[in-house]
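*Asks:* Starting from the structure of chain A, add chain B where the hints point.
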Amino acid sequence: METKLLLPNRYKRLGWFIFVPCLILTILSILQLTPALSFFDDGHILSQWTMIRVAEKGSLSAFLDSQSNDIAGEILMTLTAIGFFFVAFSRERTDDEWIMKVRLESLLWAFYVHLGAFFLSIWLSYSLAFFVVLSWNMLTAPLVFLARFHWIVYVKPYLEERRATV
Amino acid sequence: MKNTIHVERAIRRITQADLAAAVGVSRQTINALEAAKYVPSVVLAMKIANYFEKPVEAIFELGEED
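Heads up: the protein sequence lines correspond to chains A and B, in order. Residue 116 in our numbering sits at position 116 of the first sequence; the count goes up by one each step and never skips. If you want our numbering, it's the position in the second sequence, counting the first as 1, plus 166.
Isolated chain A, as found in the complex:
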């Protein structure tokens, strides 16, 4: 059964290889454990390669009000997003109508949890903390989607079968 609007199955594995390390680095760099991992600040070990001179590019400097800008954070977040896109939206080995239904249900779940967390963050945090929570909440929808989808399609049937055979 052909399911439309999805990437071929081979992107899934590639997606995991990109998504998992980038997600870990994103989390570590938001936590700012060491300067070397603080991709969103200047001064980590990659800076000498990822620093772009905004002023030399002229018009961009008006938006970024800084002489230079480190794009390590941009690269990392782009890779995380692309990795998620590959993992979440490539076909399973045998993709069919039930898997598509679980996929869409999981998207709904992810959106609900994301919205719930968003409302909580509006009421329970303010000023700078609000933006920190917002940046963490960026990860809620992708992670809830992936967790729910793989739980229903792979983990739950496996656990039920194992319980049935014992």
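Warning: the hint list may mix true and false statements.
Straight-line distance between alpha carbons at most 20 Å, and here's what the computed SDA-like set of lysine to any residue pairs gives [to be verified]:
no., chain 1, residue 1, chain 2, residue 2
1, A, K101, B, R193
2, B, K213, A, E97
3, B, K203, A, L108
4, B, K203, A, L143
5, B, K203, A, E97
6, B, K203, A, K12
7, A, K12, A, L104
8, B, K213, B, R179
9, B, K213, B, A186
10, A, K101, B, A211
11, A, K101, B, I177
12, A, K156, B, Y204
13, B, K213, B, E200
14, B, K203, A, R148
15, B, K203, A, L107
16, A, K101, B, M212
17, B, K213, B, I171
18, B, K203, B, G190
19, B, K168, A, L143
20, B, K203, B, E219
21, B, K203, A, L159
22, B, K213, B, H172
23, A, K101, A, L28
24, A, K101, B, R179
25, A, K101, B, A186
26, A, K156, A, L143
27, A, K101, B, N197
28, B, K213, B, E231
Hints listed in this document are in silico derivations from the structure and should not be mistaken for laboratory results.
*Replies:* Below, chain B alone, put in the same frame as chain A:
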């Protein structure tokens, strides 16, 4: 929606994986169907019925809540 896929499989002595391959879906889908957690599309219901060489109504039946 109730169905007798499990019984039909037992009669023919085939596994969920065999049936899944024959009608072109994943094994988990057959699992969800047998557990009555999923109502298949008309296309899939007819493919399953064709595979067992029976009319659709012999395998699928409306439940009380449908």
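*Asks:* Each of the hints needs a verdict: does it hold here or not?
*Replies:* Consistency of the hints with the structure:
Restraint check: the Cα-Cα separation between K101 (chain A) and R193 (chain B) comes to about 15 Å, which is no more than 20 Å; the hinted pair holds. For the hint pairing K213 (chain B) with E97 (chain A), the CA-to-CA distance comes to about 13 Å; that is within 20 Å, so the pair holds. Distance restraint check for K203 (chain B) and L108 (chain A): the Cα-Cα separation of roughly 18 Å lies within the 20 Å cut-off, and the hinted pair is therefore satisfied. Between K203 (chain B) and L143 (chain A) the CA atoms are separated by roughly 24 Å; this puts the pair beyond 20 Å, and the hint is violated.
Taking the CA atoms of K203 (chain B) and E97 (chain A), the gap is near 13 Å; set against the 20 Å cutoff, the hint holds. Annotation: proposed proximity of K203 (chain B) to K12 (chain A) is violated, straight-line Cα distance about 26 Å (limit 20 Å). Between K12 (chain A) and L104 (chain A) the alpha-carbon distance is near 17 Å, which keeps this suggested pair within the 20 Å criterion. Among the hinted pairs, K213 (chain B) with R179 (chain B) is consistent with the structure: their alpha-carbon atoms are about 18 Å apart, no more than 20 Å.
For the proposed pair K213 (chain B) and A186 (chain B), the alpha carbon gap of about 11 Å is at most 20 Å, so the pair holds. A C-alpha spacing of about 16 Å is found between K101 (chain A) and A211 (chain B), which places the hinted pair at or below 20 Å, so the restraint holds. At roughly 30 Å between alpha-carbon atoms, K101 (chain A) and I177 (chain B) are farther apart than 20 Å, so this suggested pair is violated. A threshold of 20 Å between alpha carbons decides the hint, and for K156 (chain A) with Y204 (chain B) the separation of about 15 Å falls inside it, so the pair holds.
At most 20 Å may separate the alpha-carbon atoms for a hinted pair to count; K213 (chain B) and E200 (chain B) meet this at roughly 15 Å. For the hint linking K203 (chain B) to R148 (chain A), the alpha-carbon distance of about 16 Å falls within 20 Å, and the restraint holds. Restraint check for K203 (chain B) and L107 (chain A): satisfied, since their Cα atoms lie roughly 19 Å apart, inside the 20 Å limit. Between K101 (chain A) and M212 (chain B) the CA atoms are separated by roughly 19 Å; this keeps the pair inside 20 Å, and the hint holds.
For the hint pairing K213 (chain B) with I171 (chain B), the CA-to-CA distance comes to about 12 Å; that is within 20 Å, so the pair holds. For the given pair, K203 (chain B) sits about 19 Å from G190 (chain B) by alpha-carbon distance, which is consistent with the 20 Å threshold. Proximity of K168 (chain B) to L143 (chain A) is assessed by CA-CA distance (about 34 Å); at most 20 Å being required, the pair is judged violated. Taking the CA atoms of K203 (chain B) and E219 (chain B), the gap is near 24 Å; set against the 20 Å cutoff, the hint is violated.
Annotation: proposed proximity of K203 (chain B) to L159 (chain A) holds, straight-line Cα distance about 16 Å (limit 20 Å). The hinted pair formed by K213 (chain B) and H172 (chain B) meets the criterion: a straight-line CA distance of about 15 Å does not exceed 20 Å. Among the hinted pairs, K101 (chain A) with L28 (chain A) is inconsistent with the structure: their alpha-carbon atoms are about 34 Å apart, more than 20 Å. Restraint check for K101 (chain A) and R179 (chain B): not satisfied, since their Cα atoms lie roughly 29 Å apart, outside the 20 Å limit.
Restraint check: the Cα-Cα separation between K101 (chain A) and A186 (chain B) comes to about 17 Å, which is no more than 20 Å; the hinted pair holds. A distance of roughly 17 Å separates the Cα atoms of K156 (chain A) and L143 (chain A); the hinted pair therefore holds under the 20 Å criterion. In summary, the hint linking K101 (chain A) to N197 (chain B) is supported, as the alpha carbons are separated by about 15 Å, within the 20 Å threshold. Proposed proximity of K213 (chain B) and E231 (chain B) is contradicted: the alpha carbons are some 24 Å apart, above 20 Å.
Hints 4, 6, 11, 19, 20, 23, 24 and 28 from the earlier list are contradicted by this structure; the remaining hints agree with it.
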